[in-house]
Each structure stands twice: as structure tokens, then as C-alpha cells.
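K.L.:
Each chain, letter by letter, is given below.
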Amino acid sequence: MRVEGPSMEPTLRAGQTVLMEPWRRIPQAGDLAVAEHPERPGFLLIKRVSHQVPGGWILLGDNPAQSSDSRSLGPFPTERLIGRVVCTFL
Amino acid sequence: MLNRIMRRLDQALPATPVNAHCDGPCGVYDPASARIAAEAVLSMTKKLLALEVPDSSDKAAVVKYHNTFSRYVAIKEKEATVAKNEILVLWTDYFKPHHLEAHPEIHDLIWKATKEISYAKVECSLHHAENVMNYVKQIHELFWKTKNRDIAWYTAS
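Protein chains in written order, with numbering that gives the first Met the number 0: chain A, 0 to 89; chain B, 0 to 156.
Hints are computed from structural coordinates only; laboratory data are not their basis. Glycine included, each C-beta is placed from N, C-alpha and C at the ideal position. Not one of these hints is a red herring.
Residues from chain B shown here face chain A by an in silico Cβ test under 10 Å; the list is partial:
{"#": "1", "residue": "R6"}
{"#": "2", "residue": "P13"}
{"#": "3", "residue": "N18"}
{"#": "4", "residue": "A19"}
{"#": "5", "residue": "K95"}
{"#": "6", "residue": "K146"}
Computed far set for chain B versus chain A, every beta-carbon distance over 10 Å:
{"#": "7", "residue": "L48"}
{"#": "8", "residue": "D57"}
{"#": "9", "residue": "A60"}
{"#": "10", "residue": "K63"}
{"#": "11", "residue": "N66"}
{"#": "12", "residue": "S69"}
{"#": "13", "residue": "I74"}
{"#": "14", "residue": "T91"}
{"#": "15", "residue": "P103"}
{"#": "16", "residue": "D107"}
{"#": "17", "residue": "L108"}
{"#": "18", "residue": "E129"}
{"#": "19", "residue": "K136"}
{"#": "20", "residue": "H139"}
{"#": "21", "residue": "W152"}
{"#": "22", "residue": "T154"}
Pair by pair, the computed Cβ-Cβ distance ranges are:
{"#": "23", "chain 1": "B", "residue 1": "S124", "chain 2": "A", "residue 2": "P40", "range": "41 to 49 Å"}
{"#": "24", "chain 1": "B", "residue 1": "H106", "chain 2": "A", "residue 2": "A13", "range": "29 to 37 Å"}
{"#": "25", "chain 1": "B", "residue 1": "K146", "chain 2": "A", "residue 2": "R1", "range": "21 to 29 Å"}
{"#": "26", "chain 1": "B", "residue 1": "N66", "chain 2": "A", "residue 2": "P63", "range": "44 to 52 Å"}
{"#": "27", "chain 1": "B", "residue 1": "V121", "chain 2": "A", "residue 2": "H50", "range": "51 to 59 Å"}
{"#": "28", "chain 1": "B", "residue 1": "T154", "chain 2": "A", "residue 2": "C86", "range": "47 to 55 Å"}
{"#": "29", "chain 1": "A", "residue 1": "A28", "chain 2": "B", "residue 2": "A101", "range": "29 to 37 Å"}
{"#": "30", "chain 1": "A", "residue 1": "P21", "chain 2": "B", "residue 2": "N84", "range": "41 to 49 Å"}
{"#": "31", "chain 1": "B", "residue 1": "T80", "chain 2": "A", "residue 2": "E20", "range": "49 to 57 Å"}
{"#": "32", "chain 1": "A", "residue 1": "P21", "chain 2": "B", "residue 2": "H106", "range": "38 to 46 Å"}
Next comes chain A alone, as it looks inside the complex (with noise of 0.2 Å):
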């Protein structure tokens, strides 16, 4: 998959591809997930795992300064989360 934006700087910039493959164990802290924008069917977002909290998960993006993520769109509904990224590419 292909990184398009800015809030994963500087660990992912625009342009970067990824490779992703459906969960296989639960989440956890620091993976970087692809997940479903909860207002959005079929919008892919590329975050972190922060946490599990009652009702999801709580993904934010590393540049929290451009970055929309569950502080304004809350927790990530376990269906949401497609999958994890493995492996990136320069």
C-alpha cells in the first residue's frame, strides 16, 4: 500500500509503500495498523496503536500536529483495524 499525508512523519513519509498483512494476533502497542475511518467506509488509514480501551482502539498518528486520529474520531472499532504493516519500503 502506498502512504499519501503527513501524519506518520517522520516514520512514514508521503509516498513510502508498505506492505500489510491481516491481523494475526491481537494488536498491540507500537504496531502500525491500516485501519477503516470510522465516518468513512472504504478510507484507509495508516496510524499507531496506542491502546485498547473499552469499545476499540485508540490509533494515533506519529505527528500528532497533522494528524487526525482517535483524539478527534475516538476509539477504532476492532472490525475497523484491517490489518498490520510488516514491512516498509524507502
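With chain A's structure known, arrange chain B on it following the hints.
P.N.:
Same frame as chain A, now just chain B:
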């Protein structure tokens, strides 16, 4: 090496976009701020319409009347401008093209609401001030629908 292979692969099979997404500086929007300003417009309109004109020979009462009248008008003007601005911010900053696809009435609703605020500002009309509240309520309902949240409409007064 792996990166080169990936680039080749990517050219042949373009990757799905995944968004390290940002809505804006804070992403905090709420039609409540427009509602509070619209309520002030309605309240000032009611107070203006209820003001009793004093006997013109009672100078102190006349001065008091004009002072109060001017203050009500000033607040009505100011809060109407606030309400209009809050609605326009939702329109230009919050609502996105995919909201418009799901709710094609957004443009017309914003247009009518902001027009109605202008009428409520220019005139001192209970009819227009109540219409403004009604439009703000419709915007409230549409806004929270786009967030899949059921937020009840309420007023402060």
C-alpha cells in the same frame, strides 16, 4: 535490491493508497457554537419587540430606553455575524465531498440558513429569528448524522 524489486512490482501493480491523514489543525467542529449565537439573536429580537417606548417628556426614561435599545441591537448584529461565520466554517472546513455525496442538500441548507441570518440581522423579526433556529437545528442533525452519532438537539433558553 528489495527496494528495486518493490518499485518494479509497484509499477506493474499500483499499491492501494493508505492515508496518513489529517483533517486540519484541530478537527474539532460542533454546530453548538452556531446554535448559541442564533439563540442570542432570537433572544435579542424578542427583547427588542417587547421594549416599551417611554413618555418623551421623561428624559431619563428616554435615555435609558435608547441605551437599552442600542445594546440589544448591537448584540443582535454581533451574534448574527458569529452564527453566520460558524456555519460557514462548518461548510468550508468540516463538510467534505463524500458528505455532499451522501447529503446533496448541504449546499442549499447552508445557503438558506446564512440568508435567513442576514434577514434576522437587517430586520427585527421574530419570524426570521425563529427560522434561523430551525435551520441551525437542521444543520445540527445533518452534522451529527455525518459522524454517525445521535446527539439530541437542545437549547440553552
